[in-house]
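Q: Okay, here's what each chain looks like letter by letter:
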Amino acid sequence: MHNSKAHIWFIAPAIILMIIILIFPLFLAGGISFTDYNLGNKTFEWVGLENYDKMFNRKTYVKMIWATATYVIVVVPISVVLGLCAAMLINSLRFGADIYKTIFFLPVMATLLAMAIAWEFTLHPTLGIVNSFLANGCGGVREFILGFHWLPWVDSQESWYAAACANNMDFPYWLKQKNTAIWTVCFIGIWQAFGFNMVLYLAGLTSIPRELYQAAEMDGAKSTWEQFKLVTWPMLGPTTLFVVTITTIRTFQVFDTIEILTKGGPSKTTYVMMYAIFEKAIQQNLTSIGAAITVVFIGFILVLTFFQRYVIEKRVHY
Amino acid sequence: MEAKQYIGEGWKHAILIIGAIVVMLPFYMMVSMSLKSQQEIQSISGGLIGAQETQTFPVCVKTGYSEETCTMKPYQYNYWFAFEKAPIPRYLMNGVIVTLSIFIIQVLVALPCAYALAKLRFYGREFVFSMVLFCLLIPVHGIALPLYVMLAQAGLVDTYSALILPWTISVFGIFLMRQFFMTVPDELIDAARMDGMGEYAIVWKVMLPTAIPALLAFAIFSVVAHWNDYFWPRMVITGNRDLFTPPLGIREFRGGIDSDEFGPMMASIVTVTVPLIVAFIIAQKRFIEGITLTGMK
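Protein chains in written order, with the working numbering: chain A, -6 to 311; chain B, 333 to 629.
There may be inaccurate statements among the hints.
[Stated by the list, open to error] Pairs of lysine-lysine residues, derived as PhoX-like cross-links and limited to a Cα-Cα distance of at most 25 Å, are as follows:
1) B:Lys417 to A:Lys222
2) B:Lys537 to A:Lys94
3) B:Lys344 to A:Lys222
4) B:Lys451 to B:Lys417
5) B:Lys417 to B:Lys405
6) B:Lys394 to A:Lys(-2)
Just so you know, these hints were derived from the structure itself, not from any lab.
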């Protein structure tokens, strides 16, 4: 042991900053959410649960919960499964693995806002290559595949693709149409997130000992699928748990694509929580409502992380 | 058997290539638009780079440049005009100032704290560490609104401080460095003390050099996150162009999406996006390591 008091100077800045920047704001948000305070007001009054009452009863906020839930429920599973599939495919390649890894990781790295604008143009009805690709495929293989004509119950005259072709190439305005906007935003979310999951899964896969596969084979698990069920999937348990939690937390915080592409519209179908906080509290200066949304938002995240860290994590390690 | 394996490999590549094409679509679109002329963009012709015919650009003439200045190849025009219209170097500079300041302050705060938590014994150490663990649960974007209220009350909205202050404490950095310092042998520190080094000197002259690999990964993690961050700058920078970070600049370029030319707009977006992507391609391994850092517990 040494007799220095240095530790006080070492931990004091961190403690002070933690309290001011991370802990105090939690209480501040909680406090404001029970008032009618708006930024710039000199006074405020306590209004009890009024803000929360609005949140769960007004149409706008109900739609907000819906949009957020839809986004999270669609993006998380698909980007996790895609990440796993990509990792397994890449892991089993004989050559070229690094190229795919780099390409799939690019969206994670690139400035999301810039990429959102690039997607906006890619999906633009008159300037974008997606719709021109679709229009050029009318009556061909593309229509057969993407119009789902290969499914027995889809009528090849009535599919969405055939209808668009027949109706003067009326393909969707993906980001501006009520029935496609949220799915398009989800698609961009998945596009951005799955490379991150892929890398985590690749790390998980390399840590599985080869002998386990040999043992499984001796036990009669010959097919790839059986080996996956018997060895890969259980061994990836901890990775999967981690990937799901971190993707969920990141997905909850979606903002960039919404703000630049849809502004929460059309008719609030993409009105996610982070955007709602921004719009209400910053643009409309309704600070107290924004604080109430913040509290609910943080509640979600804390429960999720807590769940991961203390409840499940102890069980998935084999 | 051999043939079957080759077919299997072929299928895998086929699937991955389709995936790669979808992933690359917006990148292709972005680069292509930044090179082509407005007519080519609107008629979706010219492939990746367009015909590159020398021409006079009407928007440029309307802005007040001489016809001679405005006559050049589309790719030259797009990039030249992008820099004429917006202070792009300024945005990039702001990006560098903000991300570097954040990283340096994070290290100045986190490193000594991590050292104390890992190697010094003092009353309340466990409490401080559990505080760090609790703070790890708090998403900073989630508490953006109360932070904004605090900054507004302090009159700091629209300043560099607003961009930097909320990020000065990285509990994740503390946690990471502490885990790393735990693996440093005590003998190293004892030897330094025998040599008469003070605790401050030990942190910066003994611990810091051993932590370089972990610090590098953390640097990439921190810099990438804050270079790309749009939400926070959008909250606290309202109109002052001099404080725009690259994503705010991007937003401004897109402003005139209906009337303006798309070429110069995309050229500015490419310019702002490219530095990180190039750095990533050069130092891929390090980047992947740094960004997935949160995954290596």
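Q: Indicate, hint by hint, whether the structure satisfies it.
A: Comparing the hints with the structure gives:
no.	hint	in the structure
1	B:Lys417 to A:Lys222	violated (58 Å)
2	B:Lys537 to A:Lys94	violated (38 Å)
3	B:Lys344 to A:Lys222	holds (20 Å)
4	B:Lys451 to B:Lys417	violated (54 Å)
5	B:Lys417 to B:Lys405	holds (18 Å)
6	B:Lys394 to A:Lys(-2)	violated (69 Å)
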